[in-house]
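**Student:** So the chains spell out like this:
2 protein chains.
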Amino acid sequence: MKIALDAMGGDHAPAHPVAAAIQALARFPQITRLILVGDEEKIRTELAKHGAEPNDRLHLFPTTQVIAMTDGAVEAVRRKKDSSLCRAVDLVKEGAVDAIVSAGNTGALVAAATIKLRNLPGVDRAGLACPMPSRNGVWILLDAGASVDARPEHLLAYGCMGSIYAHHILGIAKPRVGLLCNGTEEGKGNELTRQSYELLKSAPVHFIGNVEGHGLFEGAADVVACDGFVGNITLKTAEALAKSTFKWIKEEITSNPIRMAGALLARGAFQSIKKKTNADEYGGALLLGVNGICVKAHGSSSVHALFNSLRVACEAVTQQVNPHIVEALAQKPSSPTS
Amino acid sequence: MKIALDAMGGDHAPAHPVAAAIQALARFPQITRLILVGDEEKIRTELAKHGAEPNDRLHLFPTTQVIAMTDGAVEAVRRKKDSSLCRAVDLVKEGAVDAIVSAGNTGALVAAATIKLRNLPGVDRAGLACPMPSRNGVWILLDAGASVDARPEHLLAYGCMGSIYAHHILGIAKPRVGLLCNGTEEGKGNELTRQSYELLKSAPVHFIGNVEGHGLFEGAADVVACDGFVGNITLKTAEALAKSTFKWIKEEITSNPIRMAGALLARGAFQSIKKKTNADEYGGALLLGVNGICVKAHGSSSVHALFNSLRVACEAVTQQVNPHIVEALAQKPSSPTS
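Here the protein sequences come in this chain order: L and Z.
This note's numbering numbers the first residue of the first sequence as 3 and each following residue consecutively.
This note's numbering numbers the first residue of the second sequence as 3 and each following residue consecutively.
Treat the hints with care, as some may be off.
As a list, the in silico DSBU-like pairs of lysine-lysine whose alpha-carbon atoms are at most 30 Å apart [claimed, not checked]:
#, chain 1, residue 1, chain 2, residue 2
1, L, LYS276, Z, LYS44
2, L, LYS277, Z, LYS245
3, Z, LYS51, L, LYS249
4, L, LYS203, L, LYS249
5, L, LYS245, Z, LYS277
6, Z, LYS249, L, LYS276
7, L, LYS277, L, LYS252
8, Z, LYS176, L, LYS83
9, L, LYS249, Z, LYS203
Calculated directly from the structure, the hints in this document are not laboratory data.
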């Protein structure tokens, strides 16, 4: 398969994307071509640091513009046609690649993908499906922030698309789909979630009702649907607390030599849980619902995070997530509001 | 001061409320009377376990009904007039006590307080102000779940009331008020937060704009305003992740004797951070905006959590939070939508 990587996207571009590309090519033989899209000179300089240069499997697609993290999404896509992000999406549109990975501006990626690739048949609004840690594995939060407002039929589609992700990529036989809410009882929630509850009840998914924050990390559901505003806050709150907790523990430990000695003996435990709660391990969010595979990596992605994002892109292509979504949504009973 | 404690509220009632009452009376001489409201026989039995009985400072107010955690809020308040929760609120209304603490049904407490005590002048909707941990102290999240839907003028009032809480109870000279959002830039957010942003800009508080999950636990703001749906999910997500992280670390540690030895040496560090991230330490949420001091403790409150909730009630009474709110809201420029 062929993948385009936005080499200028993210806080550490092009260094991290270039390093991740080299790692991914070494690890994933199924990638027959990986195209680094961006500033040619800068990319060649980064490649040289690894003693690498473009070859049969590693291509370079030169572009002249970069979309900044602070650029307005739709305007940036319209104005910066030769940006690495837009050109990478164009490559998907033209069929030159099977997937794109970008750590760039989330809004711009969503806008470019929606405008250029269009939504899949039956999908009104794309959602970012973000893998999150639980006790014994991974659950999917979506929408993690593709759009801020949502209607009940969007949450219905998020539940359906998330179920397909969990089934085909995570290998869960019958994914349990929940609705993120302020309580588990039916009837809890705001107007949006109460209406979405009714739609999900008759959807072709294993809907288990409302789930609240308390159960998320203990595996209450495999897929958790919510609007992008709530999802983004939930995602960032969880990431932030995990990071702060480890930072605070480290500060407490380094304040005392006996504690430091102890921590050294117990470090395997910390490393294991730090890894579990580290967003880098999960490899970015898949933008579900657009007609093409788009993976959004964190803006601050490490090389490892980008490597894992390339892995997610490979899995989504191999598992044919999009054809499965189209098929499943064709079965969806039409909602009263759509 | 006099405080009513709902002895039947919460998962461990009346055992935990009774034990917390005894501890609080020993610790807080300013409590001249603490009234345990609930099933007389059960309360006496619990008191006996501590070798205690009603006395000059510890009173008993017998009631015959209990509002269950699963009861519908408004209906429970209308139907169960002789419930411990309703009678405790009645005591505030009649002026027999200065404050009420309950670990019971959140919705019922909010409904009882709103119906019986009414809102303070200038307040449309009460909000639960929940203390949360940050790097160097505490910040206030509100609304943490008093109501699920909110209008911009409600978020404006939450910001103002939270600022007064932070100033008078947390002792912060000029509390920084932020709006919980999916990004920090002005213009980010959903319709509710974008409109609220405009109102808060001209409010008599130190408004610092949007804050996102990433900054919350590193002290990005002293007060974080949001609607109760988002607030409740944020609160529960944070509580859940903190709990799960420590559980996972413990499981990893106990899987290996060398790690266990190390953890023993470093245990001070864990205990310190576990305490910091433990909701029990913060003592429940103050229902800001009603004409009376109402503290909502967690349904699963430990004795220590209820003890801390009684402390919060004492502080709110001593610091005259409600008169300060009335005064501040009288200065608030009228909003275009109210």
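**Student:** The structure should be examined with respect to each hint, and the outcome stated for every one.
**Tutor:** Verification of the supplied hints:
no.: 1; hint: L/LYS276 <-> Z/LYS44; result: 46 Å, violated
no.: 2; hint: L/LYS277 <-> Z/LYS245; result: 17 Å, holds
no.: 3; hint: Z/LYS51 <-> L/LYS249; result: 42 Å, violated
no.: 4; hint: L/LYS203 <-> L/LYS249; result: 42 Å, violated
no.: 5; hint: L/LYS245 <-> Z/LYS277; result: 17 Å, holds
no.: 6; hint: Z/LYS249 <-> L/LYS276; result: 13 Å, holds
no.: 7; hint: L/LYS277 <-> L/LYS252; result: 15 Å, holds
no.: 8; hint: Z/LYS176 <-> L/LYS83; result: 46 Å, violated
no.: 9; hint: L/LYS249 <-> Z/LYS203; result: 33 Å, violated
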